[in-house]
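Trainee: Listed below are the residues making up each chain.
4 protein chains.
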Amino acid sequence: MTNTVKVGILGATGMVGQRFVTLLQDHPYFRITELVASERSAGKAFKDAASWVLDQEMPQNLRDVVVKTTAADLDVDLVFSAISGGKAGPIETSLAERGIHVFSNAKDHRWDADVPLLLPEVNADHLALVDRQKTSGKIITNGNCSTITMVMSLKPLHDVFGLKRVFVSTYQALSGAGYPGVPSMAIAGNIIPYIGNEEEKLEKETKKFLGKLGTEGVTLSNVAVSATAVRVAVTEGHTCAIAAEFESAPSPEEAAQVLREFQGPPQKLKLPSAPQRPVHVRMEQDRPQPRKDAMTEKGMSVVVGRLRKDPLFHLKWVVTGSNTIRGAAGSNILGAELFVEEKRL
Amino acid sequence: MTNTVKVGILGATGMVGQRFVTLLQDHPYFRITELVASERSAGKAFKDAASWVLDQEMPQNLRDVVVKTTAADLDVDLVFSAISGGKAGPIETSLAERGIHVFSNAKDHRWDADVPLLLPEVNADHLALVDRQKTSGKIITNGNCSTITMVMSLKPLHDVFGLKRVFVSTYQALSGAGYPGVPSMAIAGNIIPYIGNEEEKLEKETKKFLGKLGTEGVTLSNVAVSATAVRVAVTEGHTCAIAAEFESAPSPEEAAQVLREFQGPPQKLKLPSAPQRPVHVRMEQDRPQPRKDAMTEKGMSVVVGRLRKDPLFHLKWVVTGSNTIRGAAGSNILGAELFVEEKRL
Amino acid sequence: MTNTVKVGILGATGMVGQRFVTLLQDHPYFRITELVASERSAGKAFKDAASWVLDQEMPQNLRDVVVKTTAADLDVDLVFSAISGGKAGPIETSLAERGIHVFSNAKDHRWDADVPLLLPEVNADHLALVDRQKTSGKIITNGNCSTITMVMSLKPLHDVFGLKRVFVSTYQALSGAGYPGVPSMAIAGNIIPYIGNEEEKLEKETKKFLGKLGTEGVTLSNVAVSATAVRVAVTEGHTCAIAAEFESAPSPEEAAQVLREFQGPPQKLKLPSAPQRPVHVRMEQDRPQPRKDAMTEKGMSVVVGRLRKDPLFHLKWVVTGSNTIRGAAGSNILGAELFVEEKRL
Amino acid sequence: MTNTVKVGILGATGMVGQRFVTLLQDHPYFRITELVASERSAGKAFKDAASWVLDQEMPQNLRDVVVKTTAADLDVDLVFSAISGGKAGPIETSLAERGIHVFSNAKDHRWDADVPLLLPEVNADHLALVDRQKTSGKIITNGNCSTITMVMSLKPLHDVFGLKRVFVSTYQALSGAGYPGVPSMAIAGNIIPYIGNEEEKLEKETKKFLGKLGTEGVTLSNVAVSATAVRVAVTEGHTCAIAAEFESAPSPEEAAQVLREFQGPPQKLKLPSAPQRPVHVRMEQDRPQPRKDAMTEKGMSVVVGRLRKDPLFHLKWVVTGSNTIRGAAGSNILGAELFVEEKRL
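Residue numbers (my numbering), protein chains in the order written: chain A, 1 to 345; chain B, 346 to 690; chain C, 691 to 1035; chain D, 1036 to 1380.
Don't read these hints as lab results, they were simulated from the structure. Here the structure is a predicted model, which is why all the values come from computation and not from measurement. Even for Gly, the Cβ is constructed at its ideal location relative to N, Cα and C. Be aware that a few hints might be false.
Stated by the list, open to error - Across the chosen pairs, the derived CB separations fall in these ranges:
1. B:Asp504 x C:Lys958: 56 to 64 Å
2. C:Lys777 x B:Pro617: 43 to 51 Å
3. D:Pro1094 x A:Lys298: 13 to 21 Å
4. B:Gly388 x C:Ala818: 56 to 64 Å
My request is simple: use the sequences and hints to build the entire structure.
Mentor: Next up, the structure:
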């Protein structure tokens, strides 16, 4: 398996598309063969079509690739979709009907009964949901960025101690809003205690992530979440302050050990993008911090700190993760690696 | 009553002292007659002793006042203490023994049985605790800055609906850490999920603020609080994301009305520093924001927004207040105004 | 003259329009009678048409004013134009033809031979250029925001010492880019060393500001300027680092005195928006700073500091001014006050 | 040459010391054998002695190394000195007398007649000055961080076009002030137009960097510099806006070519820390930007942009470089590599 799976990027000219493009450079499985965007970009060289906004440079070898629309013939085995929520749905469906597998970062298909909301360390078994899809191309979705960060820390504890209720307040990075995203005049020296639909996603997607796959699909988990989502002036890394109630209350030390030792299918399969430890635990009292911790293991691990007893529920902690890598493109790619490894291609 | 009460500022050269100094310019009751600081500053003109850090200018009329130590004779009726926690305690006690009333921003006496932890809109009746103090000078303390911000929004609801449990996550401003305070290299593009002893204060002081005054002193309230305290890159204004459980659950609309209409003794007495409305309620989905809302009614009001049903408890909201005015010097001064109005001087 | 001049705001719903609206509350001469915007806003109440972005609130009395387009009958004596450069030109001309005076913040007419580029402390006499305009309504323009800040410090020195050459590097605030303006992801922890056309304006407008009015119009000044314009993460206040060569070299002390004592026609006429001192000089080695100094005298003064000998030219200094008040709406209003005072209405 | 030169870090517990420590991990020539700090730290494990402030982690293999003072026997061939200016001088002299070579980041010996102010791409030949030092250990100093950034862009042009006069305004990062350095309350939403002694260093050190080595030592260059140094809210990367006058004026295109093709001794010798191109030239109109460009070639290259004609002098440009790598520890290490390569050890 060397670089032999042909992949396309949908919405390649946008900020999330640009992240897929940079993350997939030198990938051992995947080779970008198509860059796909809207009519406005079609026919142009990528370097002219994309207004490049990432701090890293545009990969040299893609600068002159001509951007296509989805209407074109696409020489791909699968695509990563960075199309905006709302627009993505019908385009992704139509590609699946053409036999192209779609790993989507958009929200549109997340609640389709036959579509996995996949986070490989958390619910790799949900990938089997695609067997219920009628199209030859399969659609697999990513979760919301802050939800992924939180759920990465919930799952190991849920498995052992049985999670019941969760309060979460978020401290979310600017990069989560895309580009141009949050105006600097809005956030300079400020916080904004509202992010459209984010609290709903935190409260709802957690139930599907932690749900059980049965013969009838995914049964949602009973875990109840209450969320407050707030934007802060951080460029990268969503942080969640969490308080949780369990069936069986762990001590902070027990919780730390369970989190530290957690291994999911990506670790066992040694998938190329899998971090060695999905969850790092830090004991310093002032960590995790997004600027220092979000890029742990290339942004694929989340970092937990401040594990302590909660006076109302059982346990409190803080978790930080890269919202653009682990919370978005990186988890999508990890999912596609699992898909390849399971020989579903 | 025109400007006839002689006041001194303890710790006048520090950042909190500087705020007392600027807030007391042109006060209808109080006239600054003494600036007090450590040995190092004593004998110097204020303009030379204080490394001025506030954005507003040092008042012209105080520039040449000679700074004294507490060992000197002080021509004052009362003092505002901006001495650091840890050092403040014995100095404040000694001044009280000399017959000088002390309104303190420091934490040292907050838990003395006979010392009110005073927030005039919330527990003005606690001021009577000073009758139990044996010294002729009385000591009255302020609460912690983030606790005050939160409690200003809890009290009106507690009175009507009976508060039981509260989860709070904070988004705290840099000015709360004094000067030089947080290094810019620590907080640039970052958040720091730890503020020493802040969570303990939020969890504990709330019980005294909401406690009942009886013949034996203050009986602590049963209200249980769980707090996570986080520093963010905001200059002024602490924000709290709160979820609360009540005896009798209010709807968001009922809660909004109660908050909006809340009036405490400072409003009824029309104290000079009392805001017209202690709690403002905003209906825009993205408010309150510290940069826009912290200075509402000269920083003496808190601003509540995002009142909504909570999926686990009953009600969620976000509240912002000026940490240096309402959360510190402003509430101290308001307390001293109450003290004067009650003819306790 | 109490509040009797009827004024309209063109582009009232945008950020600059919002500043006009807030600055004109309780103005002694002017009363806002019309809010004007594009087709999209027309017919709506101002509170619904404008997405309010300023930190100060929308004035209560304007919330229900119905927004019109310029096609409507306008009950005004003069208008302030906050229309974007490029679009403003023909609209402003057409209003002038209808007999409405236009005080414009846009660049479109700045270089018309008969249109004053007016900065009242600097070239009040240029206002007489309007006598050459053929329309009954007159057009008067404001300069560019960073140019105004710089020129406020150049003019007093030019008058006395004869300015020849100027190097300027700017440190410009986010508010100068309007709203949404600079994306937070672009400027977070960063500077951007490019602002479209800003250097050209600094280099060219200075020549007109300092030019001489003769019978044939304004003869441009020979003062030569070289500018580098850079955006920094400051919300309000443009700062210029300046080195200047003179006919007759002043010492820093002489320069400080000239700047401090400078008075222009607005000061002599005691116009309502005129600051007492157009230029403040600070001697602290670390001033001016935009966060601390931009709002000096309600944002109508500029603040000079770091006056020192220059090893190549003669004198170096740093000057800060409010880009949205003195550098934009405030200077426009001051110009209109001069227009009224000269009985040109 | 594999990792065989034994090096010590003086001032290892401070911020600059920490950078040496992280940069020297896995260095092909150098192996850290001693960590040296003040009495307060001596005898402690590095992990306990150093309050670690860098975003990267402390190297595992150094965590338990016991910190010594300079009074101890030191098993080293050379040391890198991160001691503060003012304290460094006598300590460095004393080490040189003990036969230990000192590569210093401090300013104390920069102006000693026999001590090279070394920037290997610019004045590698100055290293021969050490032959004039009487001690068996040699002292070599680094320049100031903003001066290095500027001079890296001046030198190639100077060689070809003959530099005469330079105006420079800086936009300097927070990391340049060390730790705790600039208080967040001072710089939040602000700039500070003063950095102690920085302008003097820019104006003076340039003359030594560009000076000629003769039999009597270094003859200072006639190049005259006028500098304004300003702190901005950027974490890493100093930026300089430069205007320059030459003997023979280059066009922007000629200058770009000369800069792009510039190679110094480190490139010719392929020193381990040498960037492939010391100067990168970008053609986008909004580059260089510190957040995006400071780490070019691991922070060892500077990035030039906005090359354009100057209306007063000949050429203007903007240059950004990593102040902590190229402007400090990285250039020191590159100098030591040159020292080794020249067989001076």
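Trainee: Does the beta carbon distance between B:Asp504 and C:Lys958 stay inside 56 to 64 Å, or does it fall outside?
Mentor: With a Cβ separation near 59 Å, B:Asp504 and C:Lys958 satisfy 56 to 64 Å, so the hint holds.
Trainee: When you take the CB atoms of C:Lys777 and B:Pro617, is the distance between them in 43 to 51 Å?
Mentor: Holds, at about 50 Å.
Trainee: Is 56 to 64 Å right for how far apart the beta carbons of B:Gly388 and C:Ala818 are?
Mentor: 60 Å, holds
Trainee: So the hint says 13 to 21 Å: do the beta-carbon atoms of D:Pro1094 and A:Lys298 match that?
Mentor: 19 Å, holds
In the structure shown, no violation is registered for any of the earlier numbered hints.
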